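Plus 3 on top of the position in the sequence shown (first one is 1) and you've got this note's numbering.
In case anyone wonders, no lab produced these hints; they're calculated from the structure.
Keep in mind that the hints are not guaranteed to be accurate.
[To be verified] Below, in silico cross-link-like pairs of lysine to aspartate or glutamate (EDC-like), each with a Cα-Cα straight-line distance of 16 Å or less:
| # | residue 1 | residue 2 |
| --- | --- | --- |
| 1 | 406 | 636 |
| 2 | 653 | 630 |
| 3 | 223 | 238 |
| 4 | 219 | 616 |
| 5 | 104 | 47 |
None of the values given here were measured: they were computed from a predicted structure.
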Amino acid sequence: MRVRNWIVLTGLMLVAAGSALADYLPLRYDTVSDQPEISLLYSDAGRVEFEVRIPGIERLEGTLEGQVWDRFEIPGGGFGAELGNPEAPTFNRMVAVPANKGVRVEFEALDVKTLTDIHLIPAQGRDIEELSQLKEPVRFSSAVYNTDDYYPAVQSSAAEPAIMRGVRLVNISTTPVRYNPVSGELQIAHRYKITVYFEGTDERNNPQLPLRPMSKSWAKLMEKMVVNFDELDVEIVPVGDYLIVCENDASLINNLLPNFVDWKTRKGHNVNILTFNAGFSNFQIKSLIQNYYDTAEIPPEFVLLIGDVDGNYALPGWPTSGFPPDQTDHEYSLLEGGDVLADVAVGRMPADDNYEAAVLLNKVLFYEKMPFVSNTDWYHQGCVIAGNSYSGISTIQTNRYIKTRMIEHEFTRIDTFWYWMGGSVYNTTTSSINNGISCFNYRGNYEMQNFNVGDISYLTNTYKLPFVVTITCDTGGFSGSSESFMERFAVVGTPNAPTAAIAAVGTASWETHTRFNNTIAYGIWSGIFDEGITNAGNALNRGKLELYNTFIGHDQAWAVPNFCEYAALAGDPGVDIFNAPIQFMTSNLPASMSWGENSLTLTVNHTGVGALEEALVCYYKDGDIHEVGMTNENGQVILPLNLASAGNVKVTVTKNNFHPIVDSLNVIQSAVTVGYYSHSVDDDASGTS
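Let's have the full structure, built from the sequences with the hints guiding it.
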């Protein structure tokens, strides 16, 4: 056995650091993704068993005090090691657990690969380049590094229970990589089994409400992150309620909101408006949302806040813990359990006045109801930027992951800028957005380098509105000393000629960290490109869930509530983001039908392809009917049409990345109409008739 003598680094300053781009080490050839694949093996009231297969692992180098170290990262994973101990990568998922039950976890390695001559870097809690800039002391545990044994000794653990939308969850953290610092051997369990036993009593975070129907958008969020979600007895419905919260302003409610409400209703939502009087506190406003959430048959999936924290119809946010002081909206989403997991998707249209409200509301109508198709190239074009070396190579790696997903979704132009390239953030951002893109991701250090908030006002991308994600210091917040990037991206344009972004995610505070910012950005775009989580509000929730899933229960768990609080959405939480070339569909909707016919079968086809499955169909007549369903594998849906009177029925068909069908059906009162009403059977009680 080779014995290593580790130098004690504790207390020294990090004077030079760096890392190289990753090499990918394949581990398995029976998987189809580059992400770990999970198979549920068994599930009942007493335990859950699942298997994890890791296709490969990324290997990097990092330099501390002039010494080159090895680093490893599982795609889609994180790091859970205690600071100063070997940086062992983790892979975490959540398990739904019964009320009042405790959890015990067992880890069983099934297939293991051993690497030799490894110098695994001590965990620092930050990216190496970031530490170098801050000149922080290196964390190093000489006790662990001089122990001839594998670290960590325990390869699985469970965090405190949490509740998300009525489901009691426990984060299960696994560390499939172990390291012996004396021998230099690294063991990678690339296939392993986890058994979660439900036993004992744990009364923390027990649901107080019954498990109610869940919208399809929230089910998608759960399906990816909760191993045994499909085993739950929960009804999945096409859509949930859409809740609008705003000041009781007559012009806003009577003049500006009706067209928006009509469109969201046509998309299948039961839309409700909760109003408050000027001067209401954030606690009072949250109480309105809480009461609606607690009593609704189907909880709202989206909550839209209208109004900036000041202005003509002010809507206060919640103070953040970072500096400088700011306000965001995460607290409004916390409606079940004493945890940080969102129970609704919240977004804010930060309008100061009626004009900005008109801009924000009309953006959604242009984007969803009347997509710009004079030139359709922009739907499959994007931009990724890593703008500053201070945050290091990991911002490039994060953007490369996003860029790869864009390519897989048939993007034909992806404008790219890394901080070592010639050019500038300003030139790349302005030319890319002005030329037309649907997705924009920026990662950097502080704000957006030489692209300033004021530059957003001069963008000329009329109708071609990207979803903008800038998870970077001081790009978000609703109450700073000046308008944030996130706000400006959302409000720019005119009511008839919208520009800049359809919605934007930013981060309040100067005190963000690269690792946590990367994690949220990774989660957002994983949801959008890999998991079908394309509504802006739940894409942000997916990013926050990635943060929670990666870091809760470890040394850096403090970051989870803080960074969930920092990140916010300016725009409609329910807007459905285009993430691929726009497609078209047709239906066999008749021009008219007779009143008295009590159902209508609609067939929807993908133009030039065939039957279109999971298109959302809505029949709507104000004050009469509101029927919603999804097409089957044959492109068909049968919905009741029990009208109280003849008239015009609005018929709408929507699906992500498709131009909607916005049509109507004339229901005509004929002189005589034969239709089924009801029946009874009478056998004259003798059984002989």
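Compare the structure with the hints numbered earlier in the document and write down the numbers of the violated ones, lowest to highest. 1
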